[in-house]
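Chemist: Listed below are the residues making up each chain.
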Amino acid sequence: MQTSSLSFAAKPSFLSTPIRVKSQYKQNTSSDTKIMATPKWAQKTVVLPAQKRGCHLVTPKIVKESEQDLSGFKCGLANFFLQHTSASLTINENYDTDVRHDTETFLNKIVPEGPSAPWKHTMEGPDDMPAHIKSSMFGCALTVPITDGRLNMGTWQGIWLCEHRDYATPRKIVVTLNGV
Amino acid sequence: MQTSSLSFAAKPSFLSTPIRVKSQYKQNTSSDTKIMATPKWAQKTVVLPAQKRGCHLVTPKIVKESEQDLSGFKCGLANFFLQHTSASLTINENYDTDVRHDTETFLNKIVPEGPSAPWKHTMEGPDDMPAHIKSSMFGCALTVPITDGRLNMGTWQGIWLCEHRDYATPRKIVVTLNGV
Amino acid sequence: MQTSSLSFAAKPSFLSTPIRVKSQYKQNTSSDTKIMATPKWAQKTVVLPAQKRGCHLVTPKIVKESEQDLSGFKCGLANFFLQHTSASLTINENYDTDVRHDTETFLNKIVPEGPSAPWKHTMEGPDDMPAHIKSSMFGCALTVPITDGRLNMGTWQGIWLCEHRDYATPRKIVVTLNGV
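In order, the protein sequences belong to chains A, B and C.
For the first sequence, the positions run 1 to 180 when UniProt numbering is used.
For the second sequence, the positions run 1 to 180 when UniProt numbering is used.
For the third sequence, the positions run 1 to 180 when UniProt numbering is used.
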């Protein structure tokens with residue numbers, strides 16, 4: 001039996017700090033499998049066009065490609081997996097473009113590039129080794145909860161594709177949806 | 001058919017290095033679905049009270065809110081998703097408070113703040129843009145295995161909420177449990 | 001009903017940018033559960049032998065221990081969870097060993113170590129606190145899509161175990177597979 005959007009009263013707090021809890025979804029754990037929803041899976045590869053070096057808000061593009069599938073899930077998880085080692089996926093602010101600009105400034109400040117940089121791996125250009133490092137700093141994968149057919153991110157959260165190469169190529173993201 | 005806590009002998013090694021493997025859970029892949037456990041899902045939002053700037057061990061609080069649901073899973077995954085862009089979730093040492101203190105020292109050292117910082121995004125205070133950067137450095141989401149009804153973390157691992165704002169607000173974490 | 005390797009024509013683009021999409025897997029959302037595959041779970045702990053400080057490509061080792069289980073999944077997710085706080089798991093370039101070398105160079109440059117470092121937590125050696133910080137920078141967990149019985153990473157992607165301690169011990173990774 002599924003009970004969605006079920007609001008619980010706040011539970012007694014842990015230590016002295018109040019913690020509010022809202023249960024969004026809970027499946028009956030009854031052994032009667034006939035009345036339990038069978039989990040569904042959907043997977044596709046989304047190819048984003050080449051972007052210039054920097055941080056880009058891509059939530060609308062990714063959601064547009066996934067929303068038909070997303071709408072079929074009451075509760076679940078969406079995994080976004082970037083199949084590259086010189087770009088990254090991260091979740092950050094979705095409103096002010098200056099935040100993306102400043103993040104790119106930070107990445108370039110923290111990871112040296114050019115003749116004075118200490119890298120041995122230089123055969124693919126001066127921006128390549130810094131790109132690999134930035135990719136591991138921010139990561140190439142995200143897992144986001146699905147609630148009532150939508151990605152359950154915060155109001156100000158968005159998915160960023162951070163392109164770390166000067167001359168980028170299209171970037172592939174494997175989108176895997178799983179839930180009930 | 002479920003067979004839990006099944007210990008396998010070590011398999012032949014890859015190259016010359018020994019790798020030890022212990023199988024904790026393996027479902028029968030038989031097509032007879034009647035004897036396969038149907039996966040369950042549970043999802044709730046936990047609201048942690050405002051914490052002061054710095055790194056905080058929150059495993060007890062999060063587990064307390066999830067343990068009733070967790071106990072129903074023999075094998076699965078728990079996803080913790082922080083719905084904010086100026087704080088982060090990470091897994092690190094759960095014992096010595098100095099480790100949390102030193103990590104905050106590192107973050108403040110690596111991300112400049114104040115009048116000399118190069119940020120364009122300053123309208124929400126000098127600590128806001130650094131907070132966004134720190135959030136992407138450590139990330140806002142964790143996926144942890146569930147084994148025998150408990151989070152299967154290492155002995156010294158704990159979940160940290162890292163608060164990057166000076167004047168923080170309560171922080172929402174969507175907890176999604178999935179397994180059998 | 002399962003339809004695998006189904007190619008869709010490109011959908012109309014979002015804004016003016018073309019996005020190519022290939023659907024790899026889509027389950028019928030029919031309520032007739034008899035013809036839907038019941039999701040499977042497998043979980044094991046892989047123990048990698050002690051590695052020297054630095055970044056190591058471990059995809060072959062991990063895949064070797066998981067491939068028998070992996071082969072049973074048409075579509076799914078693989079979670080790799082390192083149960084330690086002084087090492088990390090990341091995905092990066094799988095070809096040139098210089099990339100791993102340079103990444104270690106970067107980590108040591110960015111996280112100070114030794115007498116001049118500002119750490120309070122020093123009782124476990126000068127490399128311990130830097131190791132904790134590096135662990136949170138790169139993270140201890142990865143979730144990778146499974147497609148047609150294999151990890152669906154990009155051509156140049158591999159899983160790295162980054163050992164941040166001078167005198168390392170064997171490292172445990174909980175591998176959790178879930179899919180249909």
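It is possible that part of the hints are untrue.
Treat identical chains as interchangeable: a pair holds within one or across any two.
[Said to hold, decoys possible] List of simulated lysine to any residue pairs, SDA-like, C-alpha gap at most 25 Å: (1) K74 to P112; (2) K120 to H101; (3) K44 to T169; (4) K52 to W156; (5) K120 to S71; (6) K109 to G125; (7) K74 to M123; (8) K109 to T45; (9) K74 to D127; (10) K64 to E124; (11) K64 to P118; (12) K64 to N108; (13) K74 to A117; (14) K44 to H121.
Note that these hints are calculated values from the structure, not bench results.
Chemist: So, for every hint listed, does it hold in this structure?
Modeler: Consistency of the hints with the structure:
1. K74 to P112: This pair counts as neither: shortest intra-copy Cα distance 45 Å, inter-copy 42 Å.
2. K120 to H101: between (28 Å within a copy, 8 Å between copies)
3. K44 to T169: For K44 and T169, the Cα distance is within 25 Å only inside one copy (19 Å; across copies 37 Å).
4. K52 to W156: both (23 Å within a copy, 21 Å between copies)
5. K120 to S71: Neither: 48 Å inside a copy, 38 Å across copies.
6. K109 to G125: both (18 Å within a copy, 21 Å between copies)
7. K74 to M123: Neither way: K74 and M123 sit 48 Å apart in one copy and 38 Å across, limit 25 Å.
8. K109 to T45: Neither, since 33 Å and 37 Å both go past 25 Å.
9. K74 to D127: neither (43 Å within a copy, 37 Å between copies)
10. K64 to E124: Result: close neither inside a copy nor across copies, 34 Å intra and 31 Å inter.
11. K64 to P118: Close neither inside one copy (42 Å) nor across copies (35 Å); limit 25 Å.
12. K64 to N108: Intra 31 Å, inter 37 Å, cutoff 25 Å: neither.
13. K74 to A117: Result: close neither inside a copy nor across copies, 49 Å intra and 44 Å inter.
14. K44 to H121: neither (33 Å within a copy, 36 Å between copies)
Hints 1, 5, 7, 8, 9, 10, 11, 12, 13 and 14 from the earlier list are contradicted by this structure; the remaining hints agree with it.
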